[in-house]
Amino acid sequence: MSKKRYTKYILFAGILYFLIIILLDFLLGVRAYYYESIAFCLLLIGLYAFYEKLRLNTPLFILLIFATGIHSLGVFGWYNVSPVGIPWDYVTHFFPFIIVAVFFFHFLSQYMSEKFTFKALIIILLVFFATLGIGSAVENVEYVGYLILGPGEGGLKFGTGDVSNVKDVERSIEITVGGWYNTMRDLINNLLGAVVGTVSMAVYKYCIPKKKKPERIIKRKARKLR
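For the sequence shown, numbering that gives the first Met the number 0 gives the first residue as 0, with consecutive numbering after it.
Some clues are possibly wrong.
What the hints assert, rightly or not - The calculated lysine to any residue pairs, modelled on SDA-like cross-linking and capped at a C-alpha distance of 25 Å, are:
#1 52 - 14
#2 114 - 125
#3 210 - 83
As the list claims (entries may be wrong) - Estimated spans, in silico, between C-beta atoms of each pair:
#4 143 - 49: 21 to 29 Å
#5 203 - 128: 24 to 32 Å
#6 202 - 15: 21 to 29 Å
#7 3 - 42: 15 to 23 Å
#8 7 - 136: 41 to 49 Å
#9 186 - 58: 24 to 32 Å
#10 205 - 54: 16 to 24 Å
#11 54 - 8: 17 to 25 Å
#12 75 - 186: 24 to 32 Å
#13 27 - 202: 17 to 25 Å
Source of the hints: derived by calculation from the structure; they are not laboratory data. Note that the structure is a prediction, hence the values are computed from the model and not measured. Glycine included, each C-beta is placed from N, C-alpha and C at the ideal position.
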């Protein structure tokens, strides 16, 4: 999928968002989210650079920006007091992984037939396990971040977003065997997101009837590809 003229502005908006997060991080005295914000900026630039090869389109690109950006909203203290009634850590490990599954499904759908086959089933399973793999990699990054940076806020430290009902983070680390419960909770939320994303895309592709494009539109697209 080729970039649109406005795709670069979407990229700029995403980078601007993270620059604002970095600014707020320092203004609010948190100083915990600038690490990941810089990393996410680099990730967005990478997605933009390989836009066509990754078969991205405008909605998917925006969703990926949302998936990366939702975690950084913890700068407002939402890991301490969630604005949605459930722990913010649950939100950041569920919804983004729906989007990750959509990304993998969209990319690998080029290898799927229009009718459901055994090959399609294998690719769908690959989408699911690839999404879980990203979730596992995220947990590894968090663990390495904790080893290097110690306790605190943000994606690379162990803090209030990783514990529940325990105010003393250091004591919580001892109780939960270095964050064991937090890690498993995150992985379960990743799993649920992967299931919802993968199943939703599979149902959309194989269970919902599609309107056939008029022949003149198909011919017009074919002429453009010549």
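Residue 49 and residue 143 - C-beta distance against the hinted 21 to 29 Å: 25 Å, holds
Verdict for residue 202, residue 15 (Cβ pair) under range 21 to 29 Å: 35 Å, violated
Distance restraint evaluation - residue 203, residue 128, Cβ atoms, bounds 24 to 32 Å: Hint violated: Cβ distance 20 Å, outside 24 to 32 Å.
Range agreement (Cβ of residue 58 with Cβ of residue 186, hint 24 to 32 Å): 28 Å, holds
Outcome of range test on Cβ distance (residue 75, residue 186; 24 to 32 Å): 25 Å, holds
Outcome for the supplied range 41 to 49 Å, where the beta carbon pair is residue 7 and residue 136: Since the Cβ atoms of residue 7 and residue 136 sit about 28 Å apart, the hinted range of 41 to 49 Å is violated.
Proposed proximity, residue 83 with residue 210 (alpha carbon, max 25 Å): 38 Å, violated
Assessment of proposed distance window 17 to 25 Å (beta carbons of residue 54, residue 8): 20 Å, holds
Residue 3 paired with residue 42, Cβ distance criterion 15 to 23 Å: Since residue 3 and residue 42 have Cβ atoms about 20 Å apart, the given range 15 to 23 Å holds.
Straight-line alpha-carbon gap residue 52 to residue 14, limit 25 Å: Given pair residue 52, residue 14 holds - Cα atoms ~21 Å apart, limit 25 Å.
Pairwise beta carbon distance, residue 27 to residue 202, judged against the given window 17 to 25 Å: 42 Å, violated
Restraint status (C-alpha distance of residue 114 to residue 125 at most 25 Å): Given that 25 Å is the threshold and the Cα spacing comes to 18 Å, the pair holds.
Of the numbered hints listed earlier, those contradicted by the structure are 3, 5, 6, 8, 13.
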